[in-house]
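As given, the protein sequences belong to chains D and H, one line each in that order.
Here my numbering is used: the first residue of the first sequence is -15, the next is one more, and so on.
Here my numbering is used: the first residue of the second sequence is -15, the next is one more, and so on.
If you're looking for bench data, these hints aren't it; they were derived computationally from the structure.
Fair warning: there could be bad hints in the mix.
[Said to hold, decoys possible] Below 30 Å or equal to it, Euclidean Cα-Cα: the simulated DSSO-like pairs (lysine-lysine) are:
#1 H:10 with H:170
#2 H:221 with H:194
#3 D:27 with H:27
#4 D:10 with H:95
#5 D:34 with D:222
#6 D:34 with H:35
#7 H:245 with H:-12
#8 D:27 with H:10
#9 D:27 with H:34
#10 H:222 with H:17
#11 H:245 with D:34
#12 D:95 with H:4
#13 D:35 with H:221
#14 H:27 with D:35
#15 D:4 with H:4
#16 D:185 with D:10
#17 H:244 with H:95
#18 D:196 with D:245
#19 D:196 with D:16
#20 H:17 with H:-14
#21 H:27 with D:34
#22 D:95 with H:10
#23 D:222 with D:245
#24 H:95 with H:196
#25 D:10 with D:-14
#26 H:35 with D:35
[Unchecked claim] Covered by chain D, per the in silico footprint, the following chain H stretches (three or more residues, Cβ under 8 Å):
#27 51 to 59
#28 73 to 82
#29 210 to 223
#30 227 to 235
Yeah, the Cβ is synthetic: ideal placement off N, Cα and C, and Gly gets one too.
Number of protein chains: 2
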Amino acid sequence: MKDKILIVKAGGSLIDCEAKWQHFLKEFAAIKKPKILVHGGGKSASALSKKMGLTPRIIHGRRVTTLEDLPLVIMTFAGLINKKTVAALQSYGCNALGLTGADANCIRSSKRPTTPIDYGYVGDIVSIDTSVLLQWLNLGITPVFCALTHDGHGQILNTNADTIAAQLAIALHDLFETELLYCLEKPGVLLDSEDSDSLIKTLDYYQYEKLKHNHQIHSGMIPKLTNCFTALQNDVKKVTIGDTSLLREDCPTGTRIILKKD
Amino acid sequence: MKDKILIVKAGGSLIDCEAKWQHFLKEFAAIKKPKILVHGGGKSASALSKKMGLTPRIIHGRRVTTLEDLPLVIMTFAGLINKKTVAALQSYGCNALGLTGADANCIRSSKRPTTPIDYGYVGDIVSIDTSVLLQWLNLGITPVFCALTHDGHGQILNTNADTIAAQLAIALHDLFETELLYCLEKPGVLLDSEDSDSLIKTLDYYQYEKLKHNHQIHSGMIPKLTNCFTALQNDVKKVTIGDTSLLREDCPTGTRIILKKD
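Please construct the entire structure, taking both the sequences and the accompanying hints into account.
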């Protein structure tokens, strides 16, 4: 039987609130089984951009990473957030190692084609080196990835953290029984985004398509759920979306994503 | 017989000139034996501070790292410089892994006492985990350290890159025959800092004390040379200061530092 591994993506406003982030990190550090953390950038990159006088460009709800934005993105993602997260995890007894895809050539990507839309310095994942990840996990090290990869020719590229998490879970499924958790501030996928009592406990692809069609699932939740279904279609064992309480094994919470109901 | 390892510190204006830095990284990547790179911050942290409206505080020629400076230092050292360096080294065929002392708990430090001078969030090295470094080196990974450590309680601390390099060389001398190189833009220790023909080829402690007394060696070269002599007193095999040509084994250049002349 394969060992289990948890791939946890955390982001959104969870990362912007220091108290909530520290609570999340304490819970994450307490998980005994092998684990990997992937974190988003929160609002810090946009905040720094504004301070530096840059105006973010958004196309179809997605941010463009210009040549001027890229250094700020690298500074906040790989510098400030990643290293503060690593230092905090170390203080909670978790032997964290902060990473971009460039480090030890873990995750290679290629710059997204500029047509039909030019998103700038954004990378689509090409390959993941699972052997080095396995060696680190065997040493008791917990990899902590920020949302950056590289093209192998010296170029760092901004890469969606949800996608990195899903692709890590897929890449590792030969070696482990992989479980993918998307941690947000909200308790999971909600029928009404303002009402946390409207939590959907189990969501299959058919229901997802219906809710998307009715605009009950929209904006950022759509690419997140696309990553969830891609993971399940590629043999990731279990996918859940929810808040920090997801990390406690004793109380199953959140929205369990499944391909189809039996 | 022990294997050899090179610990290379690079910094100063070498890091601020993109063409010179890429040349250095190409030469560094080409070194076949096990190696570790430690890089300084160049002028980028000060430049960012100024853009953010902060005024650097200098006491006795040393910069104070205030609570406001620390995030900028982390962003530039661990983010921008470290990750661009890693991505460039990867493109030159060197399997680099970017690190702070917090990553995998490599280098622990304690915050420097605030008396007689309060330098702020500055750390003095307490311990180095050589076992994890050895495991990485055995995997063909080249550690690339920036000038940051942690106290194990969640606090990242600014730590002099010259000292990190010397302490790494000392910590590794049980496992390797260690050689320490300080790479600058200048060809080595000069009798007249404006005249590169005034290179001192070999410098021992007696001569150093004499030149320091006569103010021929001054400012930043003093703490650098203190690190050199500390390394030699603690069984580091060879210590040299010079420019990028130091990295070529076929042409010995720079200033060789020794404890005393035979």
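Results for each hint:
For the hint pairing residue 10 of chain H with residue 170 of chain H, the CA-to-CA distance comes to about 18 Å; that is within 30 Å, so the pair holds. Of the supplied pair hints, the one linking residue 221 of chain H and residue 194 of chain H holds, its CA atoms being roughly 24 Å apart against a limit of 30 Å. A threshold of 30 Å between alpha carbons decides the hint, and for residue 27 of chain D with residue 27 of chain H the separation of about 26 Å falls inside it, so the pair holds. For the proposed pair residue 10 of chain D and residue 95 of chain H, the alpha carbon gap of about 23 Å is at most 30 Å, so the pair holds.
At roughly 39 Å between alpha-carbon atoms, residue 34 of chain D and residue 222 of chain D are farther apart than 30 Å, so this suggested pair is violated. Between the alpha carbons of residue 34 of chain D and residue 35 of chain H the distance comes to roughly 12 Å, so the proposed pair stays at or under 30 Å and holds. The straight-line distance between the Cα atoms of residue 245 of chain H and residue -12 of chain H is roughly 24 Å, inside the 30 Å bound, and the hint therefore holds. At roughly 36 Å between alpha-carbon atoms, residue 27 of chain D and residue 10 of chain H are farther apart than 30 Å, so this suggested pair is violated.
Between residue 27 of chain D and residue 34 of chain H the alpha-carbon distance is near 22 Å, which keeps this suggested pair within the 30 Å criterion. Between the alpha carbons of residue 222 of chain H and residue 17 of chain H the distance comes to roughly 15 Å, so the proposed pair stays at or under 30 Å and holds. The hinted pair formed by residue 245 of chain H and residue 34 of chain D fails the criterion: a straight-line CA distance of about 58 Å is larger than 30 Å. For the suggested pair residue 95 of chain D and residue 4 of chain H, the alpha carbons sit about 26 Å apart, so the restraint of at most 30 Å is met.
Distance check on the hinted pair: residue 35 of chain D and residue 221 of chain H sit about 48 Å apart at the alpha-carbon level, beyond 30 Å; violated. For a cut-off of 30 Å, the pair hint linking residue 27 of chain H to residue 35 of chain D stands: about 20 Å separates their Cα positions. Pair hint residue 4 of chain D plus residue 4 of chain H does not hold up; C-alpha atoms about 44 Å apart against a cutoff of 30 Å. Note on residue 185 of chain D and residue 10 of chain D: the hinted pairing holds, with a Cα-Cα distance of about 25 Å set against a maximum of 30 Å.
Of the pairs offered as hints, the one joining residue 244 of chain H and residue 95 of chain H is violated, with about 34 Å between alpha carbons and a cut-off of 30 Å exceeded. Among the hinted pairs, residue 196 of chain D with residue 245 of chain D is consistent with the structure: their alpha-carbon atoms are about 18 Å apart, no more than 30 Å. Restraint check for residue 196 of chain D and residue 16 of chain D: the C-alpha separation of about 37 Å exceeds 30 Å, so the hint is violated. Between residue 17 of chain H and residue -14 of chain H, the direct Cα distance comes to roughly 12 Å. Compliance with the 30 Å bound is thereby established for this hinted pair.
Among the hinted pairs, residue 27 of chain H with residue 34 of chain D is consistent with the structure: their alpha-carbon atoms are about 22 Å apart, no more than 30 Å. A hinted pair counts as satisfied when its Cα atoms are at most 30 Å apart, and residue 95 of chain D with residue 10 of chain H qualifies at roughly 23 Å. Restraint check for residue 222 of chain D and residue 245 of chain D: satisfied, since their Cα atoms lie roughly 14 Å apart, inside the 30 Å limit. Taking the CA atoms of residue 95 of chain H and residue 196 of chain H, the gap is near 29 Å; set against the 30 Å cutoff, the hint holds.
Between the alpha carbons of residue 10 of chain D and residue -14 of chain D the distance comes to roughly 27 Å, so the proposed pair stays at or under 30 Å and holds. Of the supplied pair hints, the one linking residue 35 of chain H and residue 35 of chain D holds, its CA atoms being roughly 9 Å apart against a limit of 30 Å. Counting residues of the segment 51 to 59 of chain H whose CB falls under 8 Å from any CB of chain D gives 3; the rule of at least 3 is met. A stretch counts as covered by a chain when three or more of its residues have a beta carbon under 8 Å from one of that chain; for the segment 73 to 82 of chain H and chain D the count is 6, and the coverage holds.
With 0 residues carrying a beta carbon less than 8 Å from a beta carbon of chain D, the segment 210 to 223 of chain H misses the three-residue requirement, and the given coverage is violated. Only when three residues or more bring their CB closer than 8 Å to a CB of chain D does the claim for the segment 227 to 235 of chain H stand; here the count is 0, and the claim is violated.
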